[in-house]
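K.L.:
Sequence:
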Amino acid sequence: MKRLLAGVALSALLAAPLQAQDATTVLATVNGTDITLGHLIAMQSLLPDQYRQLPDQVLFEGMLEQLIQQEVMAGQARGMMTSRMELGLENEQRAFLAAALMDEIAMADIPEEEIEAEYENVYGATEPAREYNASHILVETEEEALALIADLEGGADFAELAQQHSTGPSGPNGGQLGWFTAGMMVPSFEEAVFALEADEISAPVETQFGWHVIRLNESRLQDAPALEDVREELVQGLRRARVDARMEELTAEADVERPDLEGFDISLIRDIDLLEN
Numbered sequence: 001m002k003r004l005l006a007g008v009a010l011s012a013l014l015a016a017p018l019q020a021q022d023a024t025t026v027l028a029t030v031n032g033t034d035i036t037l038g039h040l041i042a043m044q045s046l047l048p049d050q051y052r053q054l055p056d057q058v059l060f061e062g063m064l065e066q067l068i069q070q071e072v073m074a075g076q077a078r079g080m081m082t083s084r085m086e087l088g089l090e091n092e093q094r095a096f097l098a099a100a101l102m103d104e105i106a107m108a109d110i111p112e113e114e115i116e117a118e119y120e121n122v123y124g125a126t127e128p129a130r131e132y133n134a135s136h137i138l139v140e141t142e143e144e145a146l147a148l149i150a151d152l153e154g155g156a157d158f159a160e161l162a163q164q165h166s167t168g169p170s171g172p173n174g175g176q177l178g179w180f181t182a183g184m185m186v187p188s189f190e191e192a193v194f195a196l197e198a199d200e201i202s203a204p205v206e207t208q209f210g211w212h213v214i215r216l217n218e219s220r221l222q223d224a225p226a227l228e229d230v231r232e233e234l235v236q237g238l239r240r241a242r243v244d245a246r247m248e249e250l251t252a253e254a255d256v257e258r259p260d261l262e263g264f265d266i267s268l269i270r271d272i273d274l275l276e277n
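Under the working numbering, the sequence shown has 178 at position 178, and the numbering climbs by one with no breaks.
There could be a bad hint or two in this list.
The following label-pair restraints were derived from C-beta to C-beta distances [what the hints assert, rightly or not]:
id	residue 1	residue 2	range
1	L221	P187	19 to 25 Å
2	W179	V58	44 to 50 Å
3	D229	I269	42 to 48 Å
4	E104	L227	23 to 29 Å
5	E232	I269	37 to 43 Å
6	A99	E232	18 to 24 Å
7	Q222	E262	53 to 59 Å
8	R130	Q66	53 to 59 Å
No wet-lab data here; the hints were simulated from the structure. Fair warning: this is a prediction, and the values are worked out from it, not measured in the lab. All C-beta atoms in this analysis are idealised placements derived from N, C-alpha and C, irrespective of residue type, glycine included.
Could you put together the complete structure from these sequences and hints?
P.N.:
Below, the structure is given as C-alpha cells:
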C-alpha cells in the first residue's frame with residue numbers, strides 16, 4: 001500500500017501544472033532548442049485579429065504545436081542550408097526588423113494638440129461644398145421628356161410621374177437621387193442641376209443613359225466634418241507621416257553606396273540558378 005501511495009504521489013508531482021513566471025519559462029524543448037512563453041507571446045502579438053480572439057486554451061495549444069513543428073523542420077533545414085535559404089533568411093530578418101521599427105515609430109502617442117493642428121490644417125481653410133438634393137425622371141426620347149414637363153406644368157405630381165414613367169432605378173422611389181456634390185454625376189446632368197432653383201424643373205437633359213427631367217428639391221452648404229468624425233483618419237495620416245519622415249531621416253544619415261550599374265543586366269533578378277552556383 002505504501003508503495004502504491006508513493007507511486008501515486010510521484011505521479012501527481014510529475015503531472016503538476018507548470019507555474020509560468022516570465023517570458024523565459026520553457027514550454028517545450030525540441031532537440032535541445034527551447035520554446036518559451038516569450039516565443040508564444042511574440043507569435044500571438046503578430047496574429048490576425050480573428051485568431052487572437054480564439055479562447056486562450058485553443059490559441060495556446062495551436063501556437064505551441066505550430067512552433068514545435070516549425071522547430072522540427074527548421075532543425076532539419078539548418079543542416080542543409082543553401083545559398084538561396086541563407087539569403088531568404090536575411091531578407092526575412094531585414095523585413096521583420098524594419099517593420100518592427102516602423103510599428104514602434106507609428107504607434108507612439110500622438111498629442112491631442114498635434115491632432116487638432118492637423119484637423120485645422122486639413123479642414124480649417126476648406127470652403128464649404130454645396131450639396132444638392134434632386135429627383136429625376138429618365139425616359140428614352142426627348143419627346144417623352146417634353147410631354148412629362150407639360151404634365152408637370154399642368155400640376156401633375158413629380159413623384160407619381162417618376163413611378164409611372166422613369167426607366168431608371170430611382171423610379172420606384174419617386175425619382176429621388178438623394179444628396180450629392182459636384183463630380184458625382186455626369187457633367188451634363190450636373191450642369192442642369194446647378195442652374196436650377198429649388199423646386200424648379202429642368203428642360204430635357206440628354207446623357208448616355210437617356211433623357212432626364214430633373215427637379216432640384218433643395219441645396220445646402222456642406223459643413224466641414226467634426227473632429228471626432230475624422231479623428232481616426234487624421235491619426236492614421238499622422239502615423240504614416242511620422243514613419244515617412246523618420247525613414248527619410250535615417251536614409252539621409254546612412255552610409256549608402258551604389259556602384260555604377262551601367263550595362264548591368266537587370267533581367268538577372270529572375271535567374272534562380274545563380275543561387276545554386
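K.L.:
All hints are to be evaluated individually against the structure, with a verdict given for each.
P.N.:
Quick rundown of the hints versus the structure:
1. L221 to P187: 19 to 25 Å: Given range 19 to 25 Å: holds, Cβ gap about 22 Å.
2. W179 to V58: 44 to 50 Å: With Cβ atoms ~47 Å apart, the hint holds.
3. D229 to I269: 42 to 48 Å: The hinted range 42 to 48 Å holds for D229 and I269, with Cβ atoms some 46 Å apart.
4. E104 to L227: 23 to 29 Å: Hint holds: Cβ distance 27 Å, inside 23 to 29 Å.
5. E232 to I269: 37 to 43 Å: For E232 and I269 the Cβ distance comes to about 39 Å; the hint holds.
6. A99 to E232: 18 to 24 Å: Holds: the Cβ-Cβ distance is about 22 Å, inside 18 to 24 Å.
7. Q222 to E262: 53 to 59 Å: Holds - the Cβ-Cβ distance for Q222 and E262, about 55 Å, lies within 53 to 59 Å.
8. R130 to Q66: 53 to 59 Å: With a Cβ separation near 57 Å, R130 and Q66 satisfy 53 to 59 Å, so the hint holds.
The structure agrees with every numbered hint stated previously.
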